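Q: Construct the complete structure from the given sequences, taking the supplied hints into account.
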Amino acid sequence: MVVPFVVGGYAAMPRTRVEQEKFYSALAQTGWVDGIEIPYRDGVDADPRWLADQLRGRFTQCVVTAIPGTMGHLANDPYFGLASSDEEGRQRAMTWIAGLVDDVRSLHEMVGHPVVRFVELHSAPSNHAEPTALKASLAELSSLFADAELTPVIEHCDASGGVGPGEKEFLSLDDEIAAVSGSDVHVTINWGRSVVESHDPDLPARQAARLADADLLGGAMVSGAGPEATQYGPVWGDAHLPLRDDEPTSLLTADRVGSFLAAARGLQSYQGIKIQTPADATVEQRLAMITHIHDAMAPA
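For the sequence shown, the working numbering begins at -11 and goes up steadily by one.
If you are wondering where the hints come from, they were derived from the structure by calculation, not from laboratory data.
This one's a predicted model, so the numbers in the text were calculated from it and none came from an experiment.
Label pairs and their calculated CB-CB ranges: (1) E9 to H101: 12 to 22 Å; (2) R37 to R3: 15 to 25 Å; (3) M1 to D233: 19 to 29 Å; (4) A202 to A267: 35 to 45 Å; (5) D188 to D233: 18 to 28 Å.
Think of the CB as a built atom: it goes at the ideal place given N, C-alpha and C, for glycine as much as any other residue.
A: Structural data, given as structure tokens:
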């Protein structure tokens, strides 16, 4: 089975609409991008019809990530989340996810064919999360996702109790595994987010292998991290750094990309890349930086 290839285009997106349209066109023309990772805040885009035009006839394996909206809500609602220890906070997140699914249905109607296959959910809130609450949320949401023909996954982010100040501080991988046990939900590993949590560039491969062995591996997403402040973000930030070849402070090397994908053993539901690029980069430069990682993934 061919593993769908997804690019988190929003992290590398140019500023102007003209350049953005050129960027989507360039991704489609690679021949290896099957889907786009779409950020969900309180909608799939400020202009959903424009987004539908970019996806139509090009991409059928897209992933919607709930992380931007989840973090936005947490800024003013610290008990918001599918894993919240506060029942009212959990229900607010449940209602919001139901709205996400409705918006994906509407997007499919605008496009004229399905484009989204996976939805990345998260074990929020920060420092107020419980695996039992997440397990309950996933059970309650299962029919909603099934009816919409969408596959939910938990995207593991830096966990509470990591080696340094975290950005997300959600549940540990152990707790997320406990929460998905007995369900059809798998867990996605983002290389950079696991390194932010641990400061250990070998941890993502170990996590991918563990999930693959347990038949729980969702996506394998490649995103860099590093110990220095850069144009992309702060020290140990969840800043989606490029490959070390393009950002010298990044811990993400071609060898580590290969080890990460090898650990997944082809059992991942999807795989892909999410990196930032310089603000003044051309579309061609952005695509080249993404392609450098794709080329490192290919041998695995």
